[in-house]
Amino acid sequence: MIRFENVTVTYPDAPAPALAGVDLHVPEGELCLVVGRTGAGKSTLLRAVNGLVPHFTGGTLTGRVLVAGRDTRTNPPRELADVVGLVSQDPQAGFVTDSVEEELAYSMESLGLPNPVMRKRVEETLDLLGLADLRDRPLATLSGGQQQRVAVGAALTAHPRVLVLDEPTSALDPGAAEDVLAALHRLVHDLGMTVLIAEHRLERVAQYADRVVWLPDDGPPVAGDPGAVLADAPVAPPVVRLARLAGWQPVPVSIRDARRRAAPLRDRLGEPTPTPAPDLGPDLLHARDLRVRYGGVDALRGVSLHVHAGERVAVMGRNGSGKSSLLWALQGTGTRSGGTVTVDGSDPAGRKPAARRRAVGLVPQQPADLLYLHTVTAECEQADREAERPAGTCRALLDHLAPGVPGTRHPRDLSEGQRLALVLAVALTPEPRVVLLDEPTRGLDYPAKTRLAQALRDLADDGHAIVLATHDVEFVAEYATRVVVLAAGETVADGPTLDVVTASPTFSPQVAKVLGPWLTVADVAAALAGR
Amino acid sequence: MKVAGGRSPGEGGRAVTAGRAPHPGAWWLWALALAVVAGRTTNPVLLGLVITVAGLVAVTCRDDTPWANSYGVFLKFGLVVIGIRVLFHVLLGGVGGPTTLITLPEVPLPGWARGIRLGGPVTAEGLVFALCQGLQLATLLCCVGAANALANAKRLLRSLPAALYEVSVAVVVAMTVAPQLVASARAVRRARALRGDVPRGVRAVKVLMAPVLEDAFERSLVLAAAMDSRGYGRHAGLPAPARFLTGALVLGGLVGLCVGAYGLLDSTAPPLVGTPVLVLGAALAVAGLRTGSRRVRRSRYRPDTWGPRELLITASGVVATLATLLAPADLGGTALIPSTVPLEVPTLPALPALGLLCALAPLLVVRRKKP
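Sequence lines, in order, name chains A and L. FYI, in our numbering the residues of the first sequence are 1 to 531. FYI, in our numbering the residues of the second sequence are 1 to 371.
Honestly, the hints are just simulated from the structure, not real lab data. On a predicted model such as this, the values are computed, not experimentally measured, just so you know. All C-beta atoms in this analysis are idealised placements derived from N, C-alpha and C, irrespective of residue type, glycine included. Just so you know, nobody snuck in bad clues.
DSS-like mimics (lysine-lysine), calculated; alpha carbons at most 30 Å apart, straight line:
1) L/K154 with L/K76
2) A/K120 with L/K154
3) A/K513 with A/K449
4) A/K352 with L/K206
Label pairs and their calculated CB-CB ranges:
5) A/R351 with L/A174: 38 to 48 Å
6) A/A140 with L/T275: 37 to 47 Å
7) A/T375 with L/A174: 31 to 41 Å
Make the full structure from the sequences, and use the hints.
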């Protein structure tokens with residue numbers, strides 16, 4: 001169905017090709033997962049399938065790409081719209097109309113399908129993706145998961161034979177991600193559609209894949225059976241890493257397969273030795289009965305939170321459960337309609353912005369919003385001036401968080417991980433005791449996440465209090481000492497990570513699902529080594 | 001005939017169509033008709049009635065959508081317009097009268113600026129005149145606001161002939177950029193506060209500009225890529241002569257329409273410029289759009305249809321217009337433009353007012369906004 005023949009893509013002014021010597025064949029009716037480090041060329045590969053590379057992005061493509069027998073050299077993306085549906089990373093940015101039904105019909109209108117066909121397909125798609133209740137809703141009012149499902153539906157109505165999705169679950173909470181993936185699974189099995197997905201959160205997708213294509217940083221792509229390919233890849237879901245540790249063959253990619261082999265390992269591990277409750281430092285952040293109201297909507301309804309120095313708190317919850325509102329209200333820049341916040345004995349909202357950020361640093365969801373200069377060095381120098389710190393403070397922090405970021409690079413050209421490190425360094429320059437991060441793991445691959453978790457652990461050990469909002473259960477398992485779960489603006493759970501996370505399957509990391517009371521592969525490895 | 005709002009996917013096509021909002025064109029024609037009424041009168045009582053009718057219908061019949069609140073925005077804008085009109089009158093003068101309220105110091109102007117006055121006496125008659133004129137402009141704005149609240153301009157663009165499809169999509173995309181820029185600027189400004197400064201004034205523009213514009217460019221590229229992958233502009237490559245013919249016909253038609261409308265409205269224009277040019281222009285435009293539309297290979301999902309409801313909405317507006325345009329002197333024709341010198345208390349013109357009440361008819365046929 002999709003055939004790459006010796007494809008090399010080079011963007012203008014790029015020192016090296018983004019893709020080199022790709023030979024790949026994806027047969028009809030397969031769900032194929034593309035994995036690789038950030039910047040390995042996953043998006044380029046996906047966009048080459050419908051001709052956006054190079055027709056839209058520029059650059060040179062040598063070799064050839066065939067989709068359903070059509071060559072992308074002679075068929076620009078619009079002429080391939082009837083065979084390839086593409087769902088981009090940010091669904092909202094790709095919406096052309098403003099209501100659900102019209103968006104679903106848009107591709108069909110472009111293809112000139114007759115009205116009765118369109119009506120039928122829209123109804124089918126509404127049912128298939130569970131969108132029937134939302135049919136008249138304006139797209140802007142939908143939640144992230146709903147928007148993602150509309151974007152998938154909009155690509156589906158044209159009945160393409162290939163569906164290409166770029167990180168379809170990166171913005172979604174675990175529940176919504178399950179919904180989207182279940183819908184895709186159905187498409188592959190019921191309609192025989194060929195699906196190509198790129199995703200960083202392999203723990204969510206790997207089990208559904210029939211085939212995995214790994215794009216190494218150098219060398220040709222490796223394609224094959226999911227377990228076999230992931231076993232050697234640097235990006236692998238925890239269950240695969242656990243299998244590597246335990247030496248299971250063939251390597252399982254689903255929880256079910258892993259559990260069936262895990263009994264001996266469970267026996268060998270036994271119960272984890274209860275870690276003594278860490279000595280908590282002084283109470284740094286103290287919020288009581290926090291309320292936030294936007295227009296007529298209650299985003300937070302009375303949330304209380306105390307965070308001590310050295311604690312690493314993760315705030316979890318559905319899209320729209322109030323996580324971001326909580327962080328912004330704690331920092332003092334966001335809206336707060338009721339309740340009190342005390343940091344270092346006073347309310348940050350009452351201070352001037354400069355004094356506020358010396359008390360509480362916040363890394364927003366779009367870290368790039370914080371950056372506006374043209375080089376990394378200029379940003380660092382500006383941060384030193386704003387914080388009235390000696391020159392070089394910010395750069396030193398950056399080098400500690402992510403060594404070797406070139407100072408002359410434009411912040412927009414950094415990788416996601418490097419940019420996050422830069423913004424974190426800027427936020428840390430005035431030496432706030434409390435650090436808040438909103439969804440920092442979007443677009444980070446596993447090694448980058450591990451580095452971030454280590455950096456945050458170091459900060460906490462230095463006496464900082466860290467609060468982080470995220471959907472990423474694996475990252476929470478790796479990083480947090482305590483988890484707070486919000487639902488509809490209220491706290492529904494607050495406790496040590498192990499207790500909260502293992503209490504519900506939605507928030508359980510893969511290792512806990514396989515082995516019970518263990519959170520990460522690193523914990524298991526340490527326990528095995530100690531025995 | 002009242003139409004229920006609820007419906008399920010299983011219902012037949014008819015029921016679904018009936019539950020949909022009326023054709024946006026009907027609302028715009030209705031609002032245009034009210035605007036014509038407002039254009040023909042400076043009687044504050046009648047203008048107030050127009051604002052009330054437009055507001056009542058807009059608030060009752062609008063959909064539950066984010067842009068449905070635009071009536072309030074336009075109403076505020078109208079108040080600003082009245083304020084500006086009165087301010088200009090006070091500063092620059094204009095219509096005078098015997099009742100001087102205050103006298104502002106007059107700025108002497110050089111000889112070549114004769115006829116323009118800065119300052120000077122402010123009369124009650126002039127003030128009332130300015131107020132009425134400001135109110136007239138504000139009423140026109142309210143009509144536009146009502147149309148906007150009732151029928152999203154984007155939906156109206158969707159109803160354009162297929163030949164103008166490419167243009168209408170470009171306009172729709174451009175219309176979404178402005179709110180996005182505002183949202184993006186707000187986010188960046190909030191993020192800037194995290195770096196310890198809340199930029200104001202000229203510096204704010206400088207500091208916010210780069211991230212906001214970068215964001216806007218990035219978004220438009222994503223949107224363009226999405227539209228391309230979804231078949232926008234597919235098979236649109238018409239042969240050059242056909243494209244030229246279509247363009248010439250449409251352009252010529254539009255010019256004809258403009259000249260014709262001008263001739264019809266301006267009583268001093270030669271009679272040949274009026275109706276004949278208008279008719280010729282309309283014919284050209286229709287021909288152009290038809291030749292163009294026949295070559296566009298795309299279809300439309302649920303085209304807005306024109307039914308009895310739409311007819312009633314439009315007719316109710318037209319009745320209001322006719323009642324005003326054709327009102328005989330003794331039924332309110334003279335009260336349309338009350339005299340300001342000498343001042344007189346405006347009376348309610350009977351027939352135009354009655355006509356305006358007819359314009360409330362949409363309240364009867366359109367599904368109410370859910371509480």
